[in-house]
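Whenever a hint applies, use it, and build me the whole structure from the sequences.
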Amino acid sequence: MSTLDPHEETVTTILIRGARILGGAPGDILLRDGAVAEVGDLAGAKADRTVDADGLIALPGLVDLHTHLREPGREDAETVETGTQAAARGGYTAVHAMANTSPVADTAGVVEQVWRLGREYGHCDVQPVGAVTSGLEGRQLAELGAMADSAARVRVFSDDGKCVSDAVLMRRALEYVKAFDGVIAQHAQEPRLTEGAQLNEGEVSARLGLTGWPAVAEEAIIARDCLLAAHVGSRLHICHVSTAGSVEIIRWAKSKGWDVTAEVTPHHLLLTDSCAERSPLGPYNPIYKVNPPLRTAEDVRALREALADGTIDCVATDHAPHPVEDKETEWAAAAMGMIGLETALSVVQEAMVETGLLDWAGVADRMSVRPARIGRLAGHGRLIEPGAPANITLYDPSVRQPVDPAAMASKSRNTPYEGMTLPGRVVATFLRGRPTVLEGKLV
Amino acid sequence: MKRHLISTGDLTRDDALLILDTAEELARVSERSIKKLPTLRGRTVVNLFYEDSTRTRISFEAAAKRLSADVINFSARGSSVSKGESLKDTALTLEAMGADAVVIRHGASGAPHRLATWVRGSVVNAGDGTHEHPTQALLDAFSIRRRLGRLEGLKVAIVGDVLHSRVARSNVLLLHTLGAEVTLVAPPTLLPVAVETWPCQISYDFDAVLPKADVVMMLRVQLERMNAAYFPSAREYSRRYGLDRDRFARLHDDAVVMHPGPMNRGMEISAEVADSARSTVVEQVANGVTVRMAVLYLLLGGSEPAIGGAE
Amino acid sequence: MVTFFMSDARNQARAVLEGPDIHRALTRIAHEILERTRGAESVVLIGIPTRGATLARRIAGRIAQFEGIEVPVGAIDVTMYRDDLRLRPARPLGRTELPPDGVDGRTVVLVDDVLYSGRTVRAALDALNDVGRPRAVQLATLVDRGHRELPIRADYVGKNLPTSKSEKVKVFLEETDGRDAVVLIKEDGR
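Top to bottom, those sequences are chains A, R and W.
Under the working numbering, residue 443 is the last one in the first sequence; the count climbs by one each step, no gaps.
Under the working numbering, residue 754 is the last one in the second sequence; the count climbs by one each step, no gaps.
Under the working numbering, residue 944 is the last one in the third sequence; the count climbs by one each step, no gaps.
If you are wondering where the hints come from, they were derived from the structure by calculation, not from laboratory data.
These numbers come from a predicted model, not from an experiment.
Be aware that a few hints might be false.
For the chain W half of the interface with chain R, some residues (derived, Cβ under 7 Å), not all of them [stated by the list, open to error]:
id, residue
1, M834
2, L839
3, R840
4, L841
5, R842
6, P843
7, A844
8, L847
9, T850
10, D884
Don't be surprised by glycine CBs; every beta carbon is placed ideally from N, CA and C.
As structure tokens, then:
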């Protein structure tokens with residue numbers, strides 16, 4: 001097989017044969033000039049190359065609203081290059097790179113650097129998220145306008161990792177970004193209620209003697225911010241919703257017609273706090289330590305239902321790479337977070353499709369269309385129709401395989417699914433008509 | 444099989460009784476002039492203490508030495524976390540020293556579980572964060588049984604800062620396994636959320652529990668908790684949850700008073716109660732050595748451990 | 755651990771001593787002790803738990819019956835002194851109970867049910883050493899089955915029982931097992 005030069009400008013046509021678009025009947029897809037040229041029975045069509053997609057599902061290229069690429073600053077954990085490789089392997093064509101790097105992405109300079117690195121490597125589009133406050137310190141607004149006007153055209157702003165807990169600052173941020181159609185993505189965590197918090201506050205934390213992380217610490221901020229967004233008529237996005245109570249509040253806010261959107265991570269759709277107590281990897285294994293913490297089975301059920309009925313708009317990975325030494329420690333000393341780009345689609349299949357809660361059209365909506373819309377990414381999240389940008393993921397839902405951290409493209413290995421068997425495999429990813437992944441391997 | 448003593452929840456009733464019965468026999472050894480037994484000759488026990496706890500360390504050290512084990516004291520005071528060697532690297536060092544057992548005291552809940560994944564020897568939890576302190580619970584049960592002759596059916600009140608107490612967690616699990624009825628008594632702020640799922644009763648009212656109790660176990664309450672608004676003042680805490688002379692008088696005649704130490708005299712327990720004949724505070728210390736001998740013997744004495752949870 | 759003898763397809767068991775035999779053997783041992791210690795003067799009987807302790811009490815009973823003397827009886831658990839601890843999982847401890855006056859300056863007659871390798875007796879001698887300084891130590895055993903691995907011999911033997919190493923000798927006593935018998939168990943397939 002010939003390798004295509006990612007920077008090749010010349011016109012290439014690719015014919016994808018026999019793909020089931022959104023899980024429907026098999027058909028062909030012709031890609032030309034970075035766009036979808038034709039869809040249907042294209043038996044006589046000619047192309048520079050043909051990809052056999054028999055039995056594969058074609059989805060619009062996935063869009064992640066919440067990725068930690070760690071560059072600049074923590075290149076030992078991940079870089080833009082390895083993170084976007086992981087994204088492509090997971091079927092993503094665009095990721096939003098969170099701002100909590102070092103230096104923090106709180107200026108036009110930093111966001112442009114990240115954006116450019118993404119373009120250079122070309123595995124997927126990197127859309128930087130700007131910090132809401134300078135240095136994520138929660139004291140002073142960062143130069144939101146400058147970031148919006150930069151080459152990176154930042155539209156999503158977040159202090160993710162930290163909550164914008166000051167109500168006045170949050171209100172101003174929500175108001176200010178209206179000028180350029182921005183959105184504040186809130187990491188909802190009331191700081192005082194979560195001092196020293198380690199694990200969802202409940203039965204498991206009580207038994208393990210780990211400082212509890214109450215659901216109310218998330219829910220209180222979400223409630224406040226929904227009310228603030230309504231008051232100033234702004235757009236609010238809630239990061240990684242993790243509790244049943246949060247779902248109720250968001251459902252209520254949406255019922256009022258307020259412009260509130262929300263995401264859920266794959267791990268909150270599949271894992272519970274009991275992982276910290278009972279897992280094949282032993283109790284207190286910090287591989288399960290994450291912010292927000294894994295919650296209860298009841299919360300998982302509520303989150304799945306909310307994602308199915310649209311109360312939660314999308315799945316976002318919160319891909320958070322950490323080097324081995326930050327996880328091979330006592331629980332309290334370990335870093336929070338888990339990688340997720342390369343397993344997201346499989347986890348969603350397991351949690352949502354196999355359970356009958358979502359069909360593949362629903363998966364496309366929650367993992368591509370809606371996140372692109374929230375992030376205002378015009379070139380992504382378009383259904384596979386003539387004229388749409390040729391961002392496509394080919395996925396084989398029929399296989400089941402054990403998760404092997406060593407085989408991942410991410411620089412880090414902190415996947416909570418190690419040893420688990422998950423369904424599905426990304427076979428190919430196309431970014432504007434150019435394959436970034438073929439036969440499961442990076443191009 | 445590799446087995447450890449990390450949580451009293453891992454002990455079956457038979458395991459727990461075997462430890463107590465073994466301790467009972469070993470207590471006789473402690474009474475004679477030659478207290479040393481050759482049983483663990485050639486075995487190495489490492490005391491890995493990340494927190495200052497002279498009494499617990501000395502107790503384990505005496506237990507290991509009376510069984511003729513080689514004892515290495517590894518004091519890693521302060522935190523391995525913020526600076527210096529990681530717990531894993533320390534574990535690998537101990538492994539290289541050929542530790543047959545590692546007795547670990549650590550400020551982080553779950554540290555012994557983590558350690559157990561990195562060393563081949565048995566891990567004995569000497570107190571981890573706010574999780575468990577199984578040998579303390581075993582010596583408490585031993586002390587109760589010696590005083591009252593049984594555990595089955597006894598009413599035990601555990602009073603104080605349950606939320607932050609590893610002693611309370613270990614005791615609830617062990618005493619339940621051994622058939623005692625435990626009631627936790629504390630202000631609601633000092634009880635964990637979901638405590639109702641534990642195998643015990645809960646009460647906010649010490650005076651209501653007092654007359655029925657066969658055993659009253661007072662937990663240490665740290666004054667710092669006051670600053671975090673767990674209770675308004677030492678005086679109010681003491682008035683509502685302290686074991687003073689008046690409350691002591693309302694205990695029934697055979698009831699015993701326990702405290703894992705160190706005590707805040709005048710706070711959770713008054714001096715005269717602590718020093719009374721019905722207080723087991725002093726014998727708890729002696730029993731500690733005996734019970735720890737039993738644990739070390741049962742874990743290390745044979746070809747494989749006779750008690751404990753597998754990793 | 756075998757706690758009760760049973761004969762199944764694989765094992766063949768044969769009683770080599772029945773209740774009356776055991777009775778006679780203990781009576782003889784009691785007489786021999788009286789003879790060899792000039793009327794059991796300053797003798798202390800120390801049994802090795804569990805069955806050795808029972809036998810020691812029975813012998814003391816007979817001595818009391820014959821001579822009207824109360825010989826102090828005790829038990830000494832040797833588990834913690836064994837040299838084969840690491841060959842098996844740690845086992846429960848037996849009870850050590852010394853007579854109030856101890857063993858210092860006394861003639862201690864150690865009593866065990868079966869004398870085999872001699873390792874239990876060696877452990878008992880060590881254990882004894884940690885609780886006092888007897889004037890002399892003698893050994894009484896109900897059955898001597900041979901195969902000594904240490905330079906140890908019994909002063910009083912109920913019955914010499916030639917065995918092969920593949921056989922097991924099991925002693926049952928009324929007090930612990932509900933009946934008196936010494937059983938030889940032959941394991942098949944060896």
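A quick look at each hint next to the structure:
1. Evaluation of the M834/W hint against chain R yields a held restraint, the C-beta minimum of about 4 Å falling below 7 Å.
2. A cut of 7 Å between beta carbons decides the hint on L839/W: the least distance to chain R is about 5 Å, and the hint holds.
3. Below 7 Å, beta-carbon pairs count as interface contacts, and R840/W has one with chain R at about 5 Å; its hint therefore holds.
4. Look at L841/W: its Cβ gets to within about 6 Å of chain R, closer than 7 Å, so that hint holds up.
5. This hint holds: R842/W has a C-beta 6 Å from the nearest C-beta of chain R, less than the 7 Å allowed.
6. Look at P843/W: its Cβ gets to within about 4 Å of chain R, closer than 7 Å, so that hint holds up.
7. Interface restraint check for A844/W: the shortest CB-CB distance to chain R comes to about 3 Å, inside 7 Å, so the restraint holds.
8. Evaluation of the L847/W hint against chain R yields a held restraint, the C-beta minimum of about 4 Å falling below 7 Å.
9. Annotation: interface hint on T850/W holds; nearest CB of chain R at approximately 6 Å, less than 7 Å.
10. Annotation: interface hint on D884/W holds; nearest CB of chain R at approximately 4 Å, less than 7 Å.
Against the hints set out earlier in the document, no violation occurs for any number.
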